[in-house]
Amino acid sequence: MRPFTYERAASAQSAVKSASEHPNAKFLAGGTNLLDLMKLEIETPAHLIDVARLPMARIEETPEGGLRIGAMATNSHVAADARVRARYPVLTQAIVAGGSAQLRNKATTGGNLLQRTRCAYFYDTSKPCNKRQPGSGCGALEGLNRNSAIFGASHACIATHASDMAVALVALDAAVEVLTPSGQARSFPLMELHRLPAERPEQDTHLVPGELITAVVVPPPPTGGQVYRKVRDRASYSGGLASVAVVGGAIALGAVAHKPWRAADAEAALASGASPAEAIGQELEAASENGRNSFKIDLVRRLVPAALDEAKANGRGA
Amino acid sequence: MKTTITVNGEARALDLDPRTTLLDALREHLRLTGSKKGCDHGQCGACTVLVNGVRINACLSLAVMHDGDEVTTIEGVGTPEKLHPLQVAFLAEDAFQCGYCTPGQICSALGMLAEVAENQPSQETADLTGKIAFTDDELRERMSGNICRCSAYPQIVAAIKSYAGELA
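First to last, the sequence lines map onto chains W and H. Residue numbers for the first sequence, in the working numbering: 1 to 318. Residue numbers for the second sequence, in the working numbering: 1 to 168.
One should not assume that every hint holds.
[Claimed, not checked] Each pair of labels, with its calculated beta carbon distance range: (1) W/Pro63 / H/Arg149: 50 to 58 Å; (2) H/His41 / W/Thr205: 40 to 48 Å; (3) H/Asp15 / W/Leu196: 28 to 36 Å; (4) W/Ala274 / H/Asp67: 50 to 58 Å; (5) W/Asn314 / H/Asn119: 15 to 23 Å; (6) W/Ser20 / H/Asp67: 35 to 43 Å; (7) H/Asn119 / W/Arg118: 43 to 51 Å; (8) H/Gly78 / W/Glu289: 49 to 57 Å; (9) W/Ala46 / H/His84: 41 to 49 Å; (10) W/Ala198 / H/Thr79: 56 to 64 Å; (11) W/Asp233 / H/Tyr153: 35 to 43 Å.
The set of hints was computed from the structure by calculation and includes no laboratory data. Source: prediction; values computed, not measured. Glycine residues also receive a C-beta, built at the ideal position from the N, C-alpha and C atoms.
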């Protein structure tokens, strides 16, 4: 690890103030992804602002009938919450599909959203990667791209977003609350947090540097069944090859794009009476492959109708 | 940077480079070498310790993040003279070969059983609103963050089941 200075933030306001005063500062919450990347010197912050103990770990009812999940609530805490399990089972299922219990006990809601890609070229500092080192090229384009993106990729980057939790939250139409560097609160749809790589794959999100995620808000659960399904190489503790969250008529896909991928074309087709197979076929018309990841197109083609059927059955049981 | 961590019931004052992980603080500064460094990237679970009763990977945490926390390592679970019942079960079931992953397996299993007692779900939990049925599949899923290179998994499962049965 490169040397850094460390402080424990006294408040969210002082955390964003400190971030604006220190060049190359980063917020530290659970640390399960950031510290790993710091050991590999992929992340080299000069200053860490520890926000883990800020009073932002509660899960509260909103007046609208949804839940406001504090950014410092651990993944385990959210997955085990009785209200989440009863009303948002897709969120519990997605969270427990990710990482190991040890990681989920430490990782936070905000940190999970901001975890970085697991693309092998991002991790291997001897290889080109536009996300790690802008302008160096993309090793995955012609390389080991078995787990690369099939939606929304660019010639600069075909990395995928690794979060399971975020896929469920996008299907639930969650919103993100942040504190700006000047201490103002703002809120926007989670769908608009992550960005596609285009020419700037080093930017994972639309956050302004120094902005702090303070909470995620889920609206009241819509009618209809929910389910999260994840396909991977091992039965447990493995990143996804493709995953899907179904919430009523909403469909979000994981491990297939630079961001949690809302399958809007499939949703529209379903809403106008298409069969699940026809609907995902519509979505996949926009898919692209780079060789080794071509199987993911067939995987999604089979996974989504199966998940839609399962969600429908879950909805009937409720 | 000054940090005080209560380790196995004893307050320990440390003055550390902020880069020091909790694992390195335990092993290199407090000479508690029971917690093992396997991968150092949170993938193997050999460094698993309990922080305020919750299992985490000590390699993916900075010691300075734990000022005021209570950490339990394998040295605090049992001693050669007074083994913890789970350690006795590991011996009885022959639940290791080289033993390198064992401290992490035992700390992880203790944390895992507390999670089950609190009815925390896993991906093997079919009914998210009911009480967890503690099946072998649940046990294996919940221990998937601990790798055993010798592949003593059947015996590890047997040891944990044996100990959990004593509790029941």
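The hints, checked one at a time:
Between W/Pro63 and H/Arg149 the beta carbons are some 53 Å apart, a value that agrees with the proposed interval 50 to 58 Å. At roughly 24 Å, the beta-carbon separation of H/His41 and W/Thr205 lies outside the given 40 to 48 Å, and the hint is violated. Look at H/Asp15 against W/Leu196: about 46 Å separates their beta carbons, and that is not inside 28 to 36 Å. A beta carbon spacing of about 57 Å between W/Ala274 and H/Asp67 agrees with the range 50 to 58 Å that was offered as a hint.
Distance hint check: the CB atoms of W/Asn314 and H/Asn119 are about 21 Å apart, consistent with the given range 15 to 23 Å. Taking the beta carbon of each, W/Ser20 and H/Asp67 are about 25 Å apart, not inside 35 to 43 Å as hinted. Range check, H/Asn119 to W/Arg118: Cβ separation about 31 Å, and the 43 to 51 Å hint is violated. Checking the proposed 49 to 57 Å range against H/Gly78 and W/Glu289 shows it holds: the Cβ atoms sit about 54 Å from each other.
Hint check: W/Ala46 to H/His84, Cβ distance near 43 Å, so the stated range 41 to 49 Å holds. Taking 56 to 64 Å as the suggested C-beta distance range, the pair W/Ala198 and H/Thr79 conforms, at roughly 59 Å. In this structure, W/Asp233 and H/Tyr153 break the distance hint of 35 to 43 Å, their C-beta atoms being roughly 18 Å apart.
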